[in-house]
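Undergrad: Those sequence lines, one after another, are chains A and B. The first sequence runs contiguously to residue 1333 in the working numbering. The second sequence runs contiguously to residue 311 in the working numbering.
Since the hints were derived computationally from the structure, they do not count as laboratory data. Watch out, some of these pointers could steer you wrong.
What the hints assert, rightly or not - Ranges between beta-carbon positions, derived for each pair: (1) E163/B <-> G1251/A: 37 to 43 Å; (2) N1239/A <-> Q159/B: 36 to 42 Å; (3) Q159/B <-> L1174/A: 30 to 36 Å; (4) L296/B <-> N1239/A: 37 to 43 Å; (5) L1220/A <-> P284/B: 20 to 26 Å; (6) S97/B <-> L1220/A: 56 to 62 Å; (7) E1240/A <-> Q96/B: 27 to 33 Å; (8) A1049/A <-> I293/B: 28 to 34 Å; (9) G120/B <-> G1296/A: 57 to 63 Å.
Every residue gets a Cβ at the ideal spot worked out from N, C-alpha and C, and that includes glycine.
Read off the chains here:
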Amino acid sequence: MAQDDNSGKDLAAANSSSHDLLPEDSGTGVVSPDAVENPGHPEHRQRVTDLNPKKEKQAERTVFILFFLSAVGSLWAVAAYMMFPIDGQMELVRSNNLFIGLGATLALMALGIGAVHWGKALMADHESVDHRHPVRGTDETRARAIEIFEEANEESGFGRRSLIRNSLIGALVVFPLPAVALFRGLAPYDEDPVELLHHTMWKKGTRLARDPSGAPIKASDVTLGSAFHVIPEDLNDAKDVLNEKAKAIVLLMRLKPEDLNELPERKNWSYNGIVAYSKVCTHVGCPVALYEQQTHHLLCPCHQSQFDVANHATVIFGPAARPLPQLPITVDDEGYLVAQSDFHEPVGPSFWERH
Amino acid sequence: MSRKTSRPAAGKSRRTGRRSPAAAAALIAVGLLFTGGAYAAVSATTANAQPAPAAASQSNVEDGKKLFQANCATCHGLNAQGTSDGPSLIGVGAAAVDFQVGTGRMPMQGHGPQAQKKPVQFTQEQINQLAVYVGSTAPGPSIPDAKYLDADGDAAHGAELFRINCAMCHNVAGAGGALTEGKFAPSLVGVTPAHIYEAMITGPQNMPVFNDMNISPEGKRDIITALKYQEKIGNPGGIGLGSLGPVAEGLFIWIFGLGAVVALTVWITAKSN
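Chain A extracted, bound-state conformation:
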């Protein structure tokens, strides 16, 4: 700041005056009485390219070679594009990418390194100080700027003709409204997102089916230690398959009935040790499907939440807030597993209106 109103000087001048650069008016800055003395710039050291014409020649050659290599790289990238076509075979992507990439890398790297080397080794080498100038303009400039504004106001009548001005402001305020109305139309308006988040496709009697085929699962198919990835049987006929699937996916597991520690009010939610839990993590909604059949732990791969399936899917580790919702299941007359109802609570992560 002290050097603000010095005009640019070369280094020798700056060095000689560097000791008396303490400001007369330091503003709000604290000036230490025994501040470290400004050591100034180190002495100028000449480069080998300044001293030895042979080295200079050598550096020149290096820069030339680098620029030449850059051109070679560019041409090679073009040639590689023609020599290594992809032709519909996945395996060919590798050589195509590799050789084009090598050419482009060489072109850019050699260009950059050559330019920096040129600047460092060959271009003029003298230190100089550019002082900063004050940001504030001169008084005449400032007065002239105000004058221009006043003149414009006078000539356009912006201040005088208030009817025109106010109607302009009004028109500008109304102008964005069509965009608001149009884009609002893109959002769902005849459905309540809170209501949608509270319900899934599961309802009384919906058969549990395999993902992705949709083939229903018999209770006898689920042997001990099995894990089935489950969708509602009618999912593939749904209007919005992916959105419905995202809420309705379920993991079906069979444990030994004596290993299951069920809540008294959920005693009839399982069938012969077969339990079904929502696959959507209650933390941020990743699919929880890393099931360990001996420990009965379910691990969420995103943030390492762990749920204990034997213990009604309580959270035993990690950031998840609640146990995974359980889908009450039973069997129908033909032996297929069916849902007793929808989940009794919203699946997935918390949201504002969740009760």
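Assemble the complex: chain A is given as a structure, and chain B must be docked to it using the hints.
TA: Just chain B now, with coordinates in the frame of chain A:
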């Protein structure tokens, strides 16, 4: 320079020998080469089991029983009924034996989070005899039919089944992944089709069972096809870095990418010599 004139020269040549900075780099390179070579040699000794279902003849059962009592009974009991140190093997089936013994997981090396793959301890004939014996104790999954192991099914369908049923633990590229408390899902690269199939039907250790009602034998064949196809074509995009996803890739770019940026910045701002 001749040897007898040069004391000072000897000192000089020393600096260019073992004490030179290049020597340290060379030493590290040699060390890395050796450890890498040794690791490759060890990991190349993977199980190479050919499923040749031995006839369940009485003599095979007898031989298997002898092998079992000599090698397995300490933990699994004299009649495979299980002890406090190991589970009962009644009803696990021949497939479980072929998988566990054929990949070297059994006999178990030591107690840990899970039994790990190691060099196979028995010949394929002995493994077959053991499998026949354990399979004879009670009905259970048997060694799969060779027609499901030819890796010549529908790779696209297999990849879909793999993504739905297997990829969450074994990684979408079959590179394996971490589970809880030190357990992990092993890499599927280089595992024989028979062992992949047997793991699905028996659910070894913490892996859930995927029986034939869940994924049909044809579906399992497709999964094997997809895995083998992936192995064959490798990584079309370049170096896979273990296919472990963002962790390996992030580490790589933090070390090498940022390292290069730092080195270049230092070079650009350093004054030319």
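Undergrad: It remains to establish, for every hint, whether it holds in the given structure.
TA: Now for the hints, and whether the structure bears them out:
Take E163/B and G1251/A: their Cβ atoms lie about 39 Å apart, and the range 37 to 43 Å holds. For N1239/A paired with Q159/B, a C-beta distance near 39 Å keeps the hint of 36 to 42 Å intact. About 57 Å separates the C-beta atoms of Q159/B and L1174/A, a value inconsistent with the hinted range of 30 to 36 Å. Our hint of 37 to 43 Å for L296/B and N1239/A is violated, since their Cβ atoms are close to 50 Å apart.
L1220/A and P284/B have their C-beta atoms about 24 Å apart, which keeps the hinted 20 to 26 Å range intact. Taking the beta carbon of each, S97/B and L1220/A are about 58 Å apart, inside 56 to 62 Å as hinted. A beta carbon spacing of about 47 Å between E1240/A and Q96/B contradicts the range 27 to 33 Å that was offered as a hint. A hinted range of 28 to 34 Å holds for the C-beta pair A1049/A and I293/B, which are about 32 Å apart.
The supplied range of 57 to 63 Å is broken by G120/B and G1296/A, whose beta-carbon atoms lie about 33 Å from each other.
Of the hints listed earlier, those the structure fails to meet are numbers 3, 4, 7, 9, in rising order.
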